[in-house]
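Chemist: Below, each chain spelled out in residue letters.
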Amino acid sequence: MRQVCIVSGGMTKFAKANLNTQESMCKDALDYALHDLDGRLELKQIDSSICSYFSDHFESQLLFDSLTQDYLALCPKPSMRIEGGGATGGLGIRAGYMNVASGLSDLCLVYGFEKMSEVNTAKGNEFIALASDTDFDYPVGGYYSGYYATMAMRHMHEFGTTLEQFAEIAVKNYENAFHNRWAQKHERWTAEGVLKAKLISTPLTLPMVCVMSDGAACLVLCTEEWAKKLRPDRKYAVLTGLGCGTDTMRLGDRPHGDVIPLPGENPTKYAHLKGRWPGLHSFRGAREAARQAYLMAGITDPLRQLDFAEVHDAYASSELQTYEDLGLCMYGDGGKWVEQKGPYIGGQVPVNPSGGLIACGHPVGATGIMQGVFALWQLQNTTADHCSDTNLGSDGSKIQVEGARRGLIHSHAGTGTYITVNILETPDGGAK
Amino acid sequence: MTHVYNVKPLQVGRHYEIDSIHSYGEVSDFFLGLQQRKIMATRCTKCGATWLPPRRDCGKCGAKTDWFEAPQEGTVHTFSVLHFAAEAFLKEIPFVLAYVALPGIDTVFITRIKECRPEDVYIGMPVRARFRRLVDWTPNDVWFVPA
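Going line by line, the protein sequences match chains A and B. Counting from 1 along the first sequence, just add 695 to a position and that's the residue number in this note's numbering. Counting from 1 along the second sequence, just add 736 to a position and that's the residue number in this note's numbering.
Be a bit skeptical, because a hint or two may be false.
Using 25 Å as the maximum straight-line C-alpha spacing, the simulated SDA-like pairs for lysine to any residue come out as follows [unchecked claim]:
#	chain 1	residue 1	chain 2	residue 2
1	A	K893	B	P854
2	A	K708	A	H951
3	B	K774	B	V763
4	B	K782	A	D953
5	B	K827	A	E813
6	A	K969	B	C797
7	B	K744	A	K964
8	A	K708	B	C852
9	A	K818	B	N876
10	A	K818	B	A824
11	A	K711	B	T738
12	B	K796	A	G970
13	A	K964	A	K923
14	A	K708	B	Y741
15	A	K969	B	K796
16	B	K796	A	Q987
17	A	K893	B	R853
18	B	K782	A	T943
19	A	K818	B	E828
20	B	K827	A	V814
21	A	K1036	A	G1098
22	A	K711	B	R868
23	A	K1036	A	E887
24	A	K891	B	R853
25	B	K850	A	M851
26	A	K1093	A	A710
27	B	K796	A	R971
28	A	K772	A	E813
29	B	K782	A	H951
30	B	K827	A	N815
If you're looking for bench data, these hints aren't it; they were derived computationally from the structure. Keep in mind it's a predicted model, so treat the numbers as computed, not measured.
All chains should be modelled from the sequences, with the hints used to inform the complete structure.
Modeler: Written as structure tokens, this is what we have:
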């Protein structure tokens, strides 16, 4: 397989409502990515594309990928739509990697979008709930904030995780997003404020839940040869590890078995969890995706070998659960790791320096690609250039992880039904 | 008549509605069983895994399953009190969404907990099934109450 690099990225500012059409949002993201290459890449040189969007219901247009391919002036080149719920963007990057690594394409545009603002929030939640089992889960009143809340409750029961620990994650992500001009929310919260806010589904309050959003994002994937041409300063990223895990559609069908060890781990470290995992408190798909990605990238000590992670924090609680699946801390220690400031900028592995979904927004098809854009800027050491906005008081240098050389992006669907973990590195390799 | 919400950009109302004829297929006996106040589950003929909701084909090993009647008393495995919901369920909030563990069943079963104050529900709470008399052929034909 050929090495696959990421040379540029772009996005629209995620917003509650963007009244431009989806196709023009995609064009704005693409224009940003091309502009960032200072004219070294022409549109006509892109030889394939991957389009990622989640919901035909939200878009009220089938085959939207043909509409965008057309609008972006990419016809008659090869293209393909990828859809996998919340992990749509992460799967899109995986598909782009396949295009380039296989030799089918040298320069692949991976782009995604979602427009969620054309229906009210309750109807939007209904559309998303249709991505759970519509024979058994949805008809009893199930929807995603509810499913995740039951998982949070079980995590608290299993491990003694506290509401305050969940709340601190939300506070951290809002604080980071304050210095990211692309984020939908520029708000500052205290843990007390988070806990006193409107209850959505016990124990989750409104600021612990990501918001509906309109937006688009894109990445340009290419061969090493092209990367050297397009970024003579070597400010590009290399995709060195890819993983994809899955789990049962119905949360209640998850097994109670044994933990999957990560590369280099002795399974006996999980002996106390025998017959309890993943249950309803952990994400087997995330663990499996991390295992594959770490194996491919040669990661045996994620705390030492990762400089940052952009994870799919649709809920503050699921960010905490994900720390454990990714091996950033032991199962059950997610709350303690927050208290030790592990996921903060300046901590062991800053998680969501961008502000994550909670603060940036979650226009589903764009989200996983947005993570790639932020990861690229981290590795380029360019968050100050891309994320600052004096009018908003955003200082992008404050979310730059100093000397970042290897990062992880984690994209997540359903109640953990599809999960991707992708590892990006500077061309000179990772390790702190 | 089309409702205009804004002029520039022009924003107009659109209507979208669907009625369909849906088949429960090979798990029909679960819904038919509720009418007889039975919770029907399946057990794998090869590995013995038990499934509720039922599956015709085992989700662990792929072998065929047999039907059996599940117990109607168990405990709350986890739950949440919903104060917001999908549009279709907004009129019902607050309500308790729960996963119930039943003895001899490997999965946990999604259901509502009713006939108690939401704040009185706890993980481990003993519960028993109740059934709707006039069924509507959905999983809402069964729910659980404190035992």
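Chemist: Evaluate each hint against the coordinates.
Modeler: How the hints compare with the structure:
1. Only pairs whose Cα atoms come within 25 Å are accepted, and K893 of chain A paired with P854 of chain B is accepted, the gap being roughly 17 Å.
2. At roughly 41 Å between alpha-carbon atoms, K708 of chain A and H951 of chain A are farther apart than 25 Å, so this suggested pair is violated.
3. Proposed proximity of K774 of chain B and V763 of chain B is supported: the alpha carbons are some 14 Å apart, at most 25 Å.
4. Taking the CA atoms of K782 of chain B and D953 of chain A, the gap is near 21 Å; set against the 25 Å cutoff, the hint holds.
5. In summary, the hint linking K827 of chain B to E813 of chain A is supported, as the alpha carbons are separated by about 22 Å, within the 25 Å threshold.
6. Between K969 of chain A and C797 of chain B the CA atoms are separated by roughly 21 Å; this keeps the pair inside 25 Å, and the hint holds.
7. For a cut-off of 25 Å, the pair hint linking K744 of chain B to K964 of chain A is broken: about 61 Å separates their Cα positions.
8. About 46 Å separates the Cα atoms of K708 of chain A and C852 of chain B, which puts this hinted pair outside 25 Å; it is violated.
9. Under the criterion of a C-alpha separation no larger than 25 Å, the hint pairing K818 of chain A with N876 of chain B is consistent with the structure, at around 21 Å.
10. Under the criterion of a C-alpha separation no larger than 25 Å, the hint pairing K818 of chain A with A824 of chain B is consistent with the structure, at around 8 Å.
11. Distance check on the hinted pair: K711 of chain A and T738 of chain B sit about 24 Å apart at the alpha-carbon level, within 25 Å; holds.
12. A hinted pair counts as satisfied when its Cα atoms are at most 25 Å apart, and K796 of chain B with G970 of chain A qualifies at roughly 15 Å.
13. Simply put, K964 of chain A and K923 of chain A have alpha-carbon atoms about 43 Å apart, too far for the 25 Å limit, and the pair is violated.
14. Proximity of K708 of chain A to Y741 of chain B is assessed by CA-CA distance (about 24 Å); at most 25 Å being required, the pair is judged to hold.
15. Proximity of K969 of chain A to K796 of chain B is assessed by CA-CA distance (about 18 Å); at most 25 Å being required, the pair is judged to hold.
16. Among the hinted pairs, K796 of chain B with Q987 of chain A is consistent with the structure: their alpha-carbon atoms are about 21 Å apart, no more than 25 Å.
17. Taking the CA atoms of K893 of chain A and R853 of chain B, the gap is about 20 Å. The hint holds against a cut of 25 Å.
18. Simply put, K782 of chain B and T943 of chain A have alpha-carbon atoms about 20 Å apart, close enough for the 25 Å limit, and the pair holds.
19. For the hint linking K818 of chain A to E828 of chain B, the alpha-carbon distance of about 15 Å falls within 25 Å, and the restraint holds.
20. Among the hinted pairs, K827 of chain B with V814 of chain A is consistent with the structure: their alpha-carbon atoms are about 18 Å apart, no more than 25 Å.
21. Of the supplied pair hints, the one linking K1036 of chain A and G1098 of chain A holds, its CA atoms being roughly 19 Å apart against a limit of 25 Å.
22. In summary, the hint linking K711 of chain A to R868 of chain B is not supported, as the alpha carbons are separated by about 41 Å, beyond the 25 Å threshold.
23. For the proposed pair K1036 of chain A and E887 of chain A, the alpha carbon gap of about 18 Å is at most 25 Å, so the pair holds.
24. Between K891 of chain A and R853 of chain B, the direct Cα distance comes to roughly 21 Å. Compliance with the 25 Å bound is thereby established for this hinted pair.
25. Between the alpha carbons of K850 of chain B and M851 of chain A the distance comes to roughly 23 Å, so the proposed pair stays at or under 25 Å and holds.
26. Restraint check for K1093 of chain A and A710 of chain A: satisfied, since their Cα atoms lie roughly 22 Å apart, inside the 25 Å limit.
27. Restraint check for K796 of chain B and R971 of chain A: satisfied, since their Cα atoms lie roughly 17 Å apart, inside the 25 Å limit.
28. Taken as a hint, the K772 of chain A and E813 of chain A pair is broken in the structure, with Cα atoms around 31 Å apart against an allowance of 25 Å.
29. With a C-alpha separation of about 19 Å, the suggested pair K782 of chain B and H951 of chain A falls inside the 25 Å cut-off, and the hint holds.
30. Between K827 of chain B and N815 of chain A the alpha-carbon distance is near 15 Å, which keeps this suggested pair within the 25 Å criterion.
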